[in-house]
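Student: The sequence shown begins at 0 in numbering that gives the first Met the number 0 and counts up by one.
Quick caveat, the hints were computed from the structure, so don't treat them as lab data.
Since the structure is predicted, the reported quantities are computational estimates derived from the model, not experimental observations.
Keep in mind that a hint or two might mislead.
[Stated by the list, open to error] Pair ranges (Cβ atoms, derived):
(1) A125 <-> G166: 24 to 30 Å
(2) G202 <-> G145: 27 to 33 Å
(3) F122 <-> G166: 20 to 26 Å
(4) L150 <-> A87: 54 to 60 Å
(5) A86 <-> K155: 38 to 44 Å
Note that CB positions come from ideal geometry on N, CA and C, so glycine has one too.
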Amino acid sequence: MSGEATPFPQDSAEGLEGAVPPASEAPLTDADDAPMEGFDAAAPVADAAPPEPPSADPEQRVAQLEAQLQALQSEHESLRSQYMRIAADFDNFRKRQSRDQDDLRVQIACTTLSEILPVVDNFERARQQLDPQAEEAQTIHRSYQGLYKQLVDVFKQLGVSPMRVEGEPFDPNLHEAVLREPSEEHVEDVVIAELQRGYHLNGRVLRHALVKVSMGPGPQGGAAEPQPSEHGA
Numbered sequence: 000m001s002g003e004a005t006p007f008p009q010d011s012a013e014g015l016e017g018a019v020p021p022a023s024e025a026p027l028t029d030a031d032d033a034p035m036e037g038f039d040a041a042a043p044v045a046d047a048a049p050p051e052p053p054s055a056d057p058e059q060r061v062a063q064l065e066a067q068l069q070a071l072q073s074e075h076e077s078l079r080s081q082y083m084r085i086a087a088d089f090d091n092f093r094k095r096q097s098r099d100q101d102d103l104r105v106q107i108a109c110t111t112l113s114e115i116l117p118v119v120d121n122f123e124r125a126r127q128q129l130d131p132q133a134e135e136a137q138t139i140h141r142s143y144q145g146l147y148k149q150l151v152d153v154f155k156q157l158g159v160s161p162m163r164v165e166g167e168p169f170d171p172n173l174h175e176a177v178l179r180e181p182s183e184e185h186v187e188d189v190v191i192a193e194l195q196r197g198y199h200l201n202g203r204v205l206r207h208a209l210v211k212v213s214m215g216p217g218p219q220g221g222a223a224e225p226q227p228s229e230h231g232a
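With these hints in hand, go ahead and build the complete structure from the sequences.
Tutor: Structural data, given as structure tokens:
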């Protein structure tokens, strides 16, 4: 046996060069140290920055708080003003509704009672013309008086009251002048006679009174003819 080494076959050397080294013996690269895609490396706790305070300067912080307080106070006043305005509008609406309902009730009552007033006028005319001399006439008169009193009582319960106009100054809000004539007893523009009775309904005019108005003292030596009045209701 000689001292020379027996060379490997050439084919065997080429096979070793093409073989893949085992996983345990594979060399490490920089890519192996990089984090996997989709996962971030956790930052060290010691490197996390603390939250920044609102203001390191106390005076600046006080100014910020005062500004916030002023803004909240302004918002509060604005909301309070809106609430007060809405409350006032609602109160006015409620009062207006109540007033409109009252006016409607009065209007309906005036319309109804105005249709009944001519009946009362006829009763009063009949009373003036009736002369209860005979027994039969007195019986009719008593029956009439009872019915008339009942009608007047109903009117009083409803708030209807007659006007008293004779001798009062003429008032176009209450009276409607039909005639004007001179008078030695009354000054000008005084009611001297009631031609048709006027009525109030709870203080409101239900019907104007038809009246005759004085023109004052007439010419000497004779009475003047009555003149139609220029006054209106």
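Student: If I claimed the Cβ atoms of G202 and G145 lie 27 to 33 Å apart, would that claim hold in this structure?
Tutor: holds (29 Å)
Student: Look at the Cβ atoms of A86 and K155 and judge whether their distance stays inside 38 to 44 Å.
Tutor: holds (41 Å)
Student: Between A125 and G166, does the beta-carbon spacing fit 24 to 30 Å?
Tutor: holds (26 Å)
Student: Between L150 and A87, does the beta-carbon spacing fit 54 to 60 Å?
Tutor: Violated, at about 47 Å.
Student: Check the following: the C-beta atoms of F122 and G166 are separated by a distance inside 20 to 26 Å.
Tutor: holds (24 Å)
Figure legend: structure checked against the earlier numbered hints; the only hint not met is number 4.
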